[in-house]
Amino acid sequence: MTEKIGVYVCHCGTNIARTVDCKSVAEYASHLPNVAIARDYQYTCSDPGQEMIRKDIRELGLTRVVVASCSPLMHESTFRRTVSSAGVNPFLFQMANIREQCSWITNDRELATERAKAIVTGAVTRVNYNEPLEVKKVPVNPDVLVVGGGITGIEAALQIADSGRKVWLVEKEPTIGGYMARFDKTFPTLDCAACILTPKMVSVGQHQNIELLSYSDVIGFSGYVGNFTAKIRRRPRYVDEEKCNGCGLCEEKCPLKAPSEFDSGLGKRKAIYRPFPQAVPGTPVIDKEHCLYFTKGACRVCEKFCPKGAIDFEQKERVMEIPVGTAIIATGFDLFDAGKIKEYGYGRLPNVITSLEFERLTHASGPTAGKILMKNGKPPETVAIIHCVGSRDHNYNEYCSRVCCMYSLKTAHLVHEKTEAKVYEFYIDMRAFGKGYEEFYKRLLEEDVAFVRGRVAEITDVAQIPSEKGKLVVVAEDTLLGMVRRIPVDMVVLSVGLQPRNDALDVAHTFSISRSRDGFFLEKHPKLAPVSTAADGIFVAGACQGPKDIPDSVAQGGAAAANVLSLIDRKEVELEPSIAIIDEDACSGCKICPSLCPYHAIEFDEKKQVAVLTAAVCKGCGVCVAACPSGAIEQQNFTNRQLLAEVEAVSA
Amino acid sequence: MQGKFEPKIVGFLCRWCAYTGADLAGTSRMKYPPNVNPVRVNCTGRIDPTLVLKALQNGADGVLIGGCHPGDCHYTNGNMKTLRRFKLLQNMLNQFGIEKERVRLEWVSASEGERYARTVESMTEEIRKLGPLNWKRMVEVIA
Amino acid sequence: MTDTFLEDIYSIPGGEKIKECIQCGTCSASCPTSYAMDYTPREVIAALRAGLLDRVLKTNTIWLCASCYYCTVRCPSGVKLTDVMYELKRLAVEFGYAEKRAKAPVVSKLFVDLVDKNGRIDEVSLVSKFMLKTNPFGFFGMMPRAWKLFRRGRMPLKPHRIEGIEELKKCASTIEVTGLHAAARKTVEA
Amino acid sequence: METQSKFSYYPGCSVEGMNKAYDKSARVVCDALKVDLAELNDWNCCGASAYMSIRELRAHLISARNLALAEKERKDLVVVCPACLNTLTKTNHYMAENPQLKKTIGTALKAADLQYFGSVKVRHLLEVIVNDVGENEIKARIKNSLKDLKVAPYYGCQLTRPFGEVDDPEFPTMLDNLLTWIGAKPVNYPLKAKCCGGMLMMTKEDVGLSLTKNLLECAKENGAECIATICPLCHMNLECYQDNVNKHFGTDYHIPVLYFTQLIGLAFGFSRKSLGIDDELTPSKPLLEKHLEVIR
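Protein chains in written order, with numbering that gives the first Met the number 0: chain A, 0 to 651; chain B, 0 to 142; chain C, 0 to 189; chain D, 0 to 295.
Next up, chain A with everything else stripped away, as it sits in the complex (with noise of 0.2 Å):
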């Protein structure tokens, strides 16, 4: 029986048409073999727009659909959908890209037309050959992995986890928090970031649908939507997480002093710690390098005192494989290095310090227990402010890390409060982007900070004047007075930029997921699906796709969370059907497919002599279709055939 096909090409307003001539186009497609009706219209995808394929379907009869317009990833699924509510099978339906790869990349209409018509030509004769296929139904895990556990992770974490799902949490720390816990106050609120943060981390912990696996890292991340496996990696704490009740005299009886991480290195934490008094969880963990049992082999002072015998040095690293049906990252970003912009003398000016270390020296349970104190203890009488360290920089990074300027501001008020210091602001352009930005900085020009618009060039310690002696020099331009200023202070805060965690690499990899230019995870659409990827089930949420504030963060949290669950509420997932297919009686035997695959769904069967493949295992690369050399391996929906027809066509 001969197809019945109908081709429309859509205007996308004037998105295709300004340089593509679909009428022309229709016509031209019209007169192509089997196509029964073919139109051009001006938005496809709107309601009218599949009506008017809907009504063709039943009045004419259509057997198969060809709609030109934009990328598959856009409307794809749309139409699919369009067709098959029609009494067509939705793979009966072929979609040809004329916008994104044919009218947005020339103003040749000439040209873009000739264009269109050849790839509308190639996906009719594709359609012809395109075979009904049923989507299979998997069921969805409802278990959720969410890796990271910052404000992001923790937000994510409780959504899921109250909604009655189980949520498997993992931290590469000893605790939860991530940076937030590390601030002291937050902007523009200036609300105590503790105070807000604690709470969730304690429900994180007694949460029981959560299990926290902290200290822990994915080592391995396989299957796909609602199936997958994650590997696990726990890192020995040499603590006991059942028995320990975090009492603490283990960390007070500790001999041995070593630099705190969590303090930026400004203060001290014992070999055996938890990074600072509200950890989640409260267990302790030793540290390897610093312990005197491990380094010297005798001490083990903690395991005397611990009351619960919780202390076991024996203990070994785990790997844990876990199945869940979807995972969100929330793994964060690193501070830019301020070391790496010499001329600012971080690392050899003592008094030039980063954001965070001076997040930890206001902080109250902080090294100075909140004190904002110079190297010499005593308090500083200017300090100075300096924004896009390490960002909107050609040299490093060339984004603009979107907190710094609202951070600054913060820091700025947080001197004026805790100090008689004058205090002096370096930027470049002040962007106040967000609800209540803009009446911080107002409050923060009232409170008279001097703000220069200029950025820094120097920091230098040789004075050229008397009264610069001992102090730091900052030398910028004021580009409103358009005049060059060295201006001498005590104290110089530099606020660092955001920049992606130096593992990103490992995580994109084990998770198949793509980055972004700038080195942060790639989101599937930047508006319309920020917290999804391109890889089903997976989705992205705060700081490790892309700079973030913490109201962002914890909105992309909630965001990532809702789809999460909306995907375990489906209960099932359609996998697109497009895998291979093994014709066993063509099948010589060669063993060379079931090498190839990567996902090992082929095995060799011995008894029958052919390979066998596992169709739920199969993801529908096409490796083993390409190299098997008698032909007996198809991909459904990419068929030879099917693929032949259309490079034939595009090619002639």
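Everything labelled a hint here was simulated from the structure, so no lab data went into it.
Taking lysine-lysine and the DSS-like style, the derived pairs with C-alpha atoms no more than 25 Å apart in a straight line are:
id, chain 1, residue 1, chain 2, residue 2
1, A, LYS341, D, LYS219
2, B, LYS30, C, LYS18
3, C, LYS132, D, LYS203
4, D, LYS203, C, LYS102
5, A, LYS252, A, LYS267
6, C, LYS147, D, LYS272
7, C, LYS102, C, LYS57
8, C, LYS132, C, LYS147
What follows is a set of in silico ranges between Cβ atoms, one per label pair, in the way DEER data are often shown:
id, chain 1, residue 1, chain 2, residue 2, range
9, D, GLY163, A, LYS370, 37 to 47 Å
10, B, ARG28, C, ARG48, 19 to 29 Å
11, C, ARG48, A, THR228, 49 to 59 Å
12, C, ASP2, D, LYS109, 32 to 42 Å
Chain D regions said to be covered by chain C (calculated; three or more residues, Cβ under 8 Å):
id, segment
13, 5-19
14, 31-43
15, 46-52
16, 58-69
17, 90-102
18, 154-160
19, 190-199
Bear in mind the structure is a predicted one, so any value in this text is a computation, not a measurement.
Glycine included, C-beta positions come from ideal geometry on N, C-alpha and C.
Could you slot chains B, C and D onto chain A? The hints should help.
Here is chains B, C and D on its own, set in the frame of chain A:
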């Protein structure tokens, strides 16, 4: 008259990287010669050399294979398998006397719209210089 | 003509980068001599982009650039400002904008003449010519140091001429006028 | 020990003229270190910043001639003057990056039957001595310890800027290391890579003097007994203009300034004469007598 010649290029693009990258180029309104007819596949690993030959035989002046950067393949290493096949393919085309510039394998990530645009641009120019591919003549020479 | 000048700046290697200048002032504050300039380097770029050519070409700014390249290595937008300054110097000289009393253009011209003549520079003729041109009295003022140097054999009096000088001239003649900034030259001559 | 790799040597105009001592000491030291420097035949002026300020293409052309000559020799080009380093390297880079430039210069060079393919690497002698010769070879030749002579290591601008290929553009360390190898004590010298004013000393003396003064002041403040230089122009400004600085600012600096090659030479036990020492206007004799075991 060479100026008039518009090369016809078939582009086999993997849906995860190159195809998405190509979409991005369009979305960001980058301008480049509209000489590529994209053919979407899940993975470059699916690309059977016969598909490339078919394209050339049917009148394409060049073939662009676009996949994920090494290590970024959504199917772990399909792109690497393509790389190996590609080498063989090139030798074979070489024996047909087909210039190697006509068939290219390029890694383009989903965020490299610019890279895709520039690739197509340079490839189109190169092939424009080479002129149309006369497959029949080539093959007759062999026969 | 403004546009031609801008096009001209863009035409030097990396020159188009000044389009990306974010006016942050890093160049000015990195510049060891900006304190003595009429306009800071950043202002020169602003003026350039605003098409205020007189301002740009008449300033002492361009002649105070000592080519220390701090601006170039620190610029967050990758502007090769030192090179831009060279281009501005050339334009200023070429089109007679250069401030009459400015000494830098004079010494540069003498330098070029000497190189074109001998293929090498001998500091003695360069310095003495320069002093006589710019400030004859100063010339005697510096005699003491000159004498000391001479006594220490640090004042060779006969300039060295390279053998290949004629060939070098031949080469040079091929690019007498075909400069990257030929365009600008034409507009002015027209 | 076997000979280090051979180089074409490009002295540059200023060491031919007022700064012979630099050239002299460089040759002596390289000879001792078996660094084979063969002077590039009939080299011409690199053009420096002055030529670049008048004619761009010709400036590149005259640099390119030197590169072309060196390419004939199939050797890398070693310079002692960072300004030459900068100018020649710039032409090298820009010709590689910019086809139009390469073409224009290429056609021009043809007029002298020259051509340049871009294979030559231009290197400063300091970098060659530190990287190619290295610590052990140098320490092995010390005959005359500098007895912790406190030296301000002064790099100036153009060794590391703009290209930053051999050392950090803001805080280079190469010379510091070299000085410790020969028994001297490099003092903390935060202005080590700042500008001395260069040609401005001629064209805008007040600016030149104040920049040079900053350098002298900083050296003194940090307890330097002398300054080590790697650039003839910096050397000129710091050394010959020290009086003028004193006159102009009412200061009283008497800080000897020595080329790094002269310091190496002294440590190797060569005579002051053979290193061109005692030609300077700010005498170093008293200091050296105080410091050196043997003073010849």
